[in-house]
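There are 2 protein chains.
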Amino acid sequence: MTDRFSFALHATDGAARTGAISTPRGTIRTPAFMPVGTAATVKAMLPDSVAATGADILLGNTYHLMLRPGAERVARLGGLHSFMNWDRPILTDSGGFQVMSLADLRRLTEEGVTFRSHVDGSKHFLSPETSMEIQRLLGSDIVMAFDECPALPADEARVAESMRLSMRWAERSKAAFGDRPGHALFGIQQGGVTRELRQESAEALTRIGFDGYAVGGLAVGEGQEAMFGVLDYAPGMLPADRPRYLMGVGKPDDIVGAVKRGIDMMDCVLPSRSGRTGQAWTRRGQVNLRNARHADDPRPLDEACTCPACRGYSRAYLHHVVRAKEMIAGMLLTWHNLHYYQELMAGMRDAIAAGRFAAFEAEFHAARAAGDIEPV
Amino acid sequence: MTDRFSFALHATDGAARTGAISTPRGTIRTPAFMPVGTAATVKAMLPDSVAATGADILLGNTYHLMLRPGAERVARLGGLHSFMNWDRPILTDSGGFQVMSLADLRRLTEEGVTFRSHVDGSKHFLSPETSMEIQRLLGSDIVMAFDECPALPADEARVAESMRLSMRWAERSKAAFGDRPGHALFGIQQGGVTRELRQESAEALTRIGFDGYAVGGLAVGEGQEAMFGVLDYAPGMLPADRPRYLMGVGKPDDIVGAVKRGIDMMDCVLPSRSGRTGQAWTRRGQVNLRNARHADDPRPLDEACTCPACRGYSRAYLHHVVRAKEMIAGMLLTWHNLHYYQELMAGMRDAIAAGRFAAFEAEFHAARAAGDIEPV
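Protein chains in written order, with full-length UniProt numbering: chain A, 1 to 376; chain B, 1 to 376.
If you are wondering where the hints come from, they were derived from the structure by calculation, not from laboratory data. There are no misleading hints in this set.
Given that identical chains are not distinguished, each listed pair holds provided it fits within a single copy or across any two copies.
Once the Cα atoms are required to be at most 35 Å apart in a straight line, the calculated DSBU-like pairs of lysine-lysine come out as:
id	residue 1	residue 2
1	325	43
2	251	43
3	251	325
4	123	174
5	43	174
Isolated chain A, as found in the complex (with noise of 0.2 Å):
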């Protein structure tokens, strides 16, 4: 334990890179995987089970923890740790993506936006500065940076644009920030597909200074390929010493592509979100759980798995819960695919700090490859 926020780089390989982030409420594993705990849960999950798959920390929404219950509300009990029962770290995004995507809800200036709550229609206003007020009353380890965030495909000129309001906004949340020990301020790298923007995101937010930095913009319709294409380049433009975070990735594929390519930390929905609807992630690919194919077979949804749901249940009855719409079809797959992702977060950094990231790729291609894959 210690009473700062630290980032130690122990091995890499390629580009690839493993080591360990240090907050005074534990320690974090990188490569990281984080489960998304919207609502301040880790849906059809208890705690207790987040951290027995092996996750060291988890991401919060500003967005949703404002509206509700609300960060003073939070605050006034004892914090989003304390309120949902989660001793390690917690990183909370800035609420700008979850913003962004309201669409006609939404008034963006240069001060910040306005935008009506999705959940009773009031009328709130996030900016740099009160984003970095409701991160700290939430109480988070790790607070990110307030920034607009395009859709892809997009005009180059809006990106470019919009990615300048970003820089501007990275600066006004790091004064607001302040100074705050054992707590970190990470910025967000923008830029779109661009390379020249992407670089001058990075020197604009090195310039002011973070305690980590995020590849932002990315997965957000894009596709691989390109996502692949900035990733090629994007990690080497931050500071190699700070933690690199990509944000909203993604598919174990997307996951293994970007370990390689110099990314430290990741968050999506992915393997929440599949397990409530009767999708299974494994060393073989997607399963899908609701396909009759299932219904009478007696094996494990991985043999090789140690999860609860590989180790006390056969596919036939997973397929029956998920039909049958029971929420222990959501408990157990959920449960399964965060420890799949965990174990693949702990293969690749076991793999990194070995030197040997290029086998492990091909042993993850030549897994998924060899079968029980089925269309979805």
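Starting from the known structure of chain A, fit chain B onto it as the hints suggest.
Coordinates of chain B only, in the frame set by chain A:
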């Protein structure tokens, strides 16, 4: 452990009894509350968590399981215990009660009941013989005789006719059940709220001879006073050396009143169903977590309760996740409710063993009268 089914009475206090049912799959401490696992899952709970609440046995529903996933399928997959990952005893109902509630969808004859599935409209037939076969395929430890159960209030002639049909079906159930060491068959007393019919039914069942006896046909609309009126005499008509099971009961005060009157086993969906709608049962009565008065309340649901919901969370958190319709709301409140029910049973077992059931009952009612009860 034992290879036979047996019941030992350890102590009585007035009409109340405490003892233990021994089965090859484990011991059931009585009075016992059986959580309901309708479709091969206690809704919102993992089996380990059900066991952690203190449940020695759970109930499965023949009607639901025969329709989905199907009894033959469950048998091919190794039986219900293995299928649902619960290695302790399971009691299955006969399907009779649920088929009766289908009303228009069924046709009743001396032979049995023809009905249509609520899942897919397919046609099915249940009789004493098919019910015994289905419960055998499921691998149930305690099998219930197939009976008919009219809703109350009902015409006494209709109740008598129905009871006599159930007694003929009880005889056929016994014959079809055969000799299955380690498995038990329970007969079901009928007769509505008419003492003479209850006596006639008890005599018919005792003549046939069962491993245990249920008091059936209550908790079907007659009200607590009428139910207690029947329980003042009905259990005493049944053999004292066999367990007595009151089907489908109930609220905590129903349960205390039933144990007081000589009941050894009960089941009810109430604690799990309530948990999924934001309702908690505590020593102090029912608490509706949807209520806005909990929004800022940092206290646990019950400061004396050791369940995960009460140890880890505030009322404010529970209120938040109920309002946000998060799955964890149902998971935590179901756990709490089942934990509370099992603590209530344990408290009654201890009180009966110590000869202080009257004091226990007085404390139970005093705690509820003292507060934290709100209208629902």
